[in-house]
Amino acid sequence: MTDISDLKSRDEWVSEGRKARLGKRHRAERRFKILGLGAILIALSMLATLLVSIGSKGYSAFVQTRFELTVTLDEAVIHPNGDSSVPAVRGASYGTLIRKALRAEFPDVKARRELRSLFGIVSKGASRQLRTMVMENPAVIGETISVWLVASDDMDMFNKGYIPRNVVEADRRIKDNEIKWFDQLAAKGATQKVFNWGFFSSGDSREPEIAGIWGAIVGSFYTILITFAIAFPIGVMSAIYLEEFAPKNRLTDIIEVNINNLAAVPSIVFGLLGVGLFLNVAHFPRSASVVGGLTLALMTLPIIIISARTAIRAVPDSIRNAALGLGASRQQTAFHHVLPLSMPGILTGTIIGLSQALGETAPLLMIGMVAFIVDIPGNVTDPATVLPVQIFLWADSPERAFVEKTSGAILVLLAFLVFMNALAVLLRRKFERRW
Amino acid sequence: MSFTPLIILLLAICTAGYWFGSKKALTIVPERGQARIGRPHQFGVFVVIWGTIPPVFLLILWSIFSLMSGDGENAIFDQIDQVIFPVLLILSTVLGCYAAITKIKSGLRTRKTLEFVVYSLLILASTVSVFTTIGIVFSLLFETLHFFEKVPVFDFLLGLHWSPQTALREDQVGSSGAFGAIPLFAGTMLITLIAMVVAVPLGLFSAIYMTEYASKTFRAIVKPILEILAGIPTVVYGFFAALTVGVFFRDVGSTIGLDVVSESALAAGVVMGMMIIPFISSLSDDVITAVPQSLRDGSYALGATKSETVMKVILPAALPGIVGAVLLAVSRAIGETMIVVMAAGFSANLTANPLEAVTTVTVQIVGLLVGDQEFDSAKTLAAFALALVLFLITLGLNVIALIVVRKYREKYD
Chain A
577 MTDISDLKSR DEWVSEGRKA RLGKRHRAER RFKILGLGAI LIALSMLATL
627 LVSIGSKGYS AFVQTRFELT VTLDEAVIHP NGDSSVPAVR GASYGTLIRK
677 ALRAEFPDVK ARRELRSLFG IVSKGASRQL RTMVMENPAV IGETISVWLV
727 ASDDMDMFNK GYIPRNVVEA DRRIKDNEIK WFDQLAAKGA TQKVFNWGFF
777 SSGDSREPEI AGIWGAIVGS FYTILITFAI AFPIGVMSAI YLEEFAPKNR
827 LTDIIEVNIN NLAAVPSIVF GLLGVGLFLN VAHFPRSASV VGGLTLALMT
877 LPIIIISART AIRAVPDSIR NAALGLGASR QQTAFHHVLP LSMPGILTGT
927 IIGLSQALGE TAPLLMIGMV AFIVDIPGNV TDPATVLPVQ IFLWADSPER
977 AFVEKTSGAI LVLLAFLVFM NALAVLLRRK FERRW
Chain B
842 MSFTPLIILL LAICTAGYWF GSKKALTIVP ERGQARIGRP HQFGVFVVIW
892 GTIPPVFLLI LWSIFSLMSG DGENAIFDQI DQVIFPVLLI LSTVLGCYAA
942 ITKIKSGLRT RKTLEFVVYS LLILASTVSV FTTIGIVFSL LFETLHFFEK
992 VPVFDFLLGL HWSPQTALRE DQVGSSGAFG AIPLFAGTML ITLIAMVVAV
1042 PLGLFSAIYM TEYASKTFRA IVKPILEILA GIPTVVYGFF AALTVGVFFR
1092 DVGSTIGLDV VSESALAAGV VMGMMIIPFI SSLSDDVITA VPQSLRDGSY
1142 ALGATKSETV MKVILPAALP GIVGAVLLAV SRAIGETMIV VMAAGFSANL
1192 TANPLEAVTT VTVQIVGLLV GDQEFDSAKT LAAFALALVL FLITLGLNVI
1242 ALIVVRKYRE KYD
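Protein chains in written order, with this note's numbering: chain A, 577 to 1011; chain B, 842 to 1254.
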């Protein structure tokens, strides 16, 4: 009972004015808290919008529309003039076969213009697809077989629902007769959506439906490999020197300040350094992944040095003193004891630095890795492009189908980054020691 | 000269040297009164070092020489490059290894040599970053001076008109080639300002909530998710800004009767701000956590609520650190390239209206340098001049920020 009377007396004691002021202060407190939470929620919803917008545009890049056509592999076409050698088979006009098949499929299409748009419903890459098939299995020559050919990008977009049916024909990317052909094929069950392996296995192309990211992935791999091979040893060695050996003098101070500043230099400036140093002075080949790797290595170096220094500093002095006390030299102490103990931290920092390099675009634009490159690079001096630059190039392309490809490529890039960062977190969790 | 077989051969010679060296080390009998000698592998490495130093030295000399002599396309040069030089390299390796092996005997102190070499390598590695800075400054400065020979400094820094299309032919019309960079600086500042208007309040309030209000679990979950924003490649933000945000602002503008271009400064700025949020929030997070607990306790003891403590005690105490964080964020926003390349325009408008298209320094650098270009036209040289300005501004901002943060740290340490 005393509790209630207590409260009552307090209420009586408190003046109305004070209660109002306290209420106001508490409301301000609540508002402030909601403001903070709101800021976090806005930031998170921005992230969610970004991911959802790209995910919803990109997931359909992983499937592809195909048409089933009955193609007669006419020996007269595949072996022109009776020549059955490999170059002749490779050079044969498979487009003719596909056009014949399309005519046979739609016999009532006669007008020239109509025929041209009919031939356009399968991809320009379909003839290559047919060629590969014939080269792999020459026994099919002369037979009539049914094959699934890649559809053109417009047909693909229509099948995926990006081109709506109920729009005036003039405002639509594909015309009424094309829709009619599509419906005919669909009614026969001659259309299908399959997983787009080509997206992961082929290089860039002007035709969105056959463009792939494998060339860019290989280019990225070479570039990051070079970056790692240069930046990791140099970074770790600088960190060891600065933490374990460097005397405290002017030079060391300069190096320290310099590393911190270098970490904040805009990436595009490193691109210009790459142009000046590696292209104009050293005459490395343009667009090669070795130049990209070197440029990114200079950019990643400060990140690696800073994280490696932190990791080395975290190793307690007792370890060093014990090693020195047992007669190890300072270098033996550093390389046999301190370095292995700080390796997990160093590797974590390195992976984070490399994942930054993997997503970097601007410096690579400077050194000419923006070229249109169809071939998969075979080594580090071949002209190459990397995944982010490929994304940039595709984002610039006007075709509607490239929006999907760009988003798809972004999803792949993000998957790589998530993988690398997860690896870094895992490494930290598993090996990091608290001293 | 084909490089790979030569390197394989040199490595093979060194491997042989290592093997012979360590074998020979095993045969040494320590003289009386002498301490135990080093382990065999130390002798092996000793031989390898003597086998690698001469060819590396020669290689450096040779590459400097061939750079100095320029494009020496004559036959003698080729002859030396193709035949004599590789032979020299191989000979020097063999001789180095041989000399080292003959030196192996009792009383040879290998560790000293090894440690000297390692120590030199360490110093060499730590100067790479200094040389990078020097390289940046020189490569920019050199081209910028060339540029200022063609375009006066004041025309560049104070000119109001930017149209870098120089005439390809003498008689071409409409391509005067004006290099007044003020519109670019203005555009950069406008976009940076928008980015900061988005990022500073959001980042700061997130940091305050995280440090002062949030539970441990909330913090452990939300903080890494926010950091994802910093890990997303800028090209992805650029695509998002150009395709989603720009179009969204344009549509919103047209419904409320405003004329918003789809390449508006607003879209680029907002997306850039989004990218910078985690940068500001994690830096201010550190700064706020570093404010001593005693200040908070004192404030609570006087009856202040949490928000009053934050506003009247913690923020003033943490202000220098927060200013430092904002400066670093500004320098990052100024140097950001891909978002503006993809979402802002290339045309240089001198305007303060965020609904119009502006261009930035970084966009112009990309525009001027991408594609095949002669490296001596005013157009490409302008890119280097712009980059030098960019470098100096970001450097200045960073130095100020670091000084501010350092001063602040000293106060509470």
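Calculated from the structure, these hints are not laboratory results.
No experiment lies behind these values; they were computed from the predicted model shown.
Mixed in with the good hints there might be a few duds.
Listed next, with one range per pair, are the computed distances between beta-carbon atoms [what the hints assert, rightly or not]:
1) B/ASP1092 - A/GLU745: 18 to 28 Å
2) A/LYS736 - B/LEU999: 22 to 32 Å
3) A/SER973 - B/VAL1038: 53 to 63 Å
4) B/LYS1153 - A/ARG1009: 54 to 64 Å
5) A/ALA762 - B/GLY1208: 40 to 50 Å
6) B/ILE1241 - A/LYS736: 35 to 45 Å
To spell it out: a stretch of chain B is covered by chain A in this simulated footprint if at least three of its residues, at any positions, have a beta carbon under 8 Å from a beta carbon of chain A; those stretches are [claimed, not checked]:
7) 853–864
8) 891–897
9) 929–937
10) 990–999
11) 1156–1168
12) 1234–1242
Beta carbons: idealized from backbone N, C-alpha and C, even for Gly.
Status of each hint after checking the structure:
no.	hint	verdict
1	B/ASP1092 - A/GLU745: 18 to 28 Å	holds, 25 Å
2	A/LYS736 - B/LEU999: 22 to 32 Å	violated, 53 Å
3	A/SER973 - B/VAL1038: 53 to 63 Å	violated, 33 Å
4	B/LYS1153 - A/ARG1009: 54 to 64 Å	violated, 41 Å
5	A/ALA762 - B/GLY1208: 40 to 50 Å	holds, 45 Å
6	B/ILE1241 - A/LYS736: 35 to 45 Å	violated, 52 Å
7	853–864	violated (count 0)
8	891–897	violated (count 0)
9	929–937	violated (count 0)
10	990–999	violated (count 0)
11	1156–1168	violated (count 0)
12	1234–1242	holds (count 4)
When the structure is compared with the earlier hints, violations turn up for hints 2, 3, 4, 6, 7, 8, 9, 10, 11 and for no others.
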